[in-house]
Amino acid sequence: MKNWCCAVLFKRIETTPGQEPLSPALNMTMDLYTIEPAETETCRRSRITSSTLCSGSVLEEDPYSLIRGMQGYEVTPADLVFLKRARQERQINALQRELDELLRQRRNQMLARDLSLASREKIQTDLDEILSCEQTVQMGQVFLSRKLSSTEVEALDSKSLLAQIKTADVQQAVEEEQAEITALENRVARALELRERGEQRQQEIENRNRAILTKKVLFVQHLSPCSV
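Residues 1 to 228 in this note's numbering are what the sequence shown spells out, letter by letter.
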């Protein structure tokens, strides 16, 4: 069956005028392997018969399988060149398929990575917005607690709470807070000044007491010889 399939692939090569006829071993119905060395790849492929579909599948698996078992057939240099090229093409095709698969996997991995990064950025953005909203609500609760009771403030949802905050009220509250801060700073400065003055006064009192004590000691020492 194998020899029949190979025989179907070949056709008889007609000799041109002035060319010596082929030997009986080579003068057989063949197509792929009785190729003259000068014949190009394009010419060789153009002479393949309609049965090359069978030879293509066999050739792809093993280029040398077409000439195995053909007793009496001598392989020509052109056959070796063609078989070598066929094997190289087979290896190139296998490598190309492997490369295509690796590129496909790489594209999928890059797509998955991009989707992961995009999801991470979106989650971070949403989290920042949530935190910012929570901080705004907390500040609004503190602001409204200036004129509302804690029970009334807690009963308001975020939307209702923010709706009651007016720009003018916020500006007025900021000015009041700033005034309170300024007054507090003045009180602190005044307290520090008074403290410094008190320390100076205390130091003066201690110095005066030392001076008085020194005078008393000297006076006692002065009186001692007189009493003797």
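Hints may contain errors.
[To be verified] Simulated pairs of lysine-lysine, DSSO-like, Cα-Cα distance not exceeding 30 Å:
1) K166 / K147
2) K147 / K122
3) K159 / K147
[As the list claims (entries may be wrong)] Here are the in silico distance ranges between beta carbons for each label pair:
4) C133 / E176: 58 to 66 Å
5) K122 / A168: 31 to 39 Å
6) S150 / E199: 38 to 46 Å
Note that these hints are calculated values from the structure, not bench results.
Fair warning: this is a prediction, and the values are worked out from it, not measured in the lab.
Heads up, the beta-carbon is just placed ideally off N, CA and C, and yes, glycines get one too.
Hints and how they fare:
no.: 1; hint: K166 / K147; in the structure: holds (13 Å)
no.: 2; hint: K147 / K122; in the structure: violated (38 Å)
no.: 3; hint: K159 / K147; in the structure: holds (18 Å)
no.: 4; hint: C133 / E176: 58 to 66 Å; in the structure: violated (26 Å)
no.: 5; hint: K122 / A168: 31 to 39 Å; in the structure: holds (37 Å)
no.: 6; hint: S150 / E199: 38 to 46 Å; in the structure: holds (43 Å)
Comparing the model with each numbered hint stated earlier shows that hints 2, 4 do not hold.
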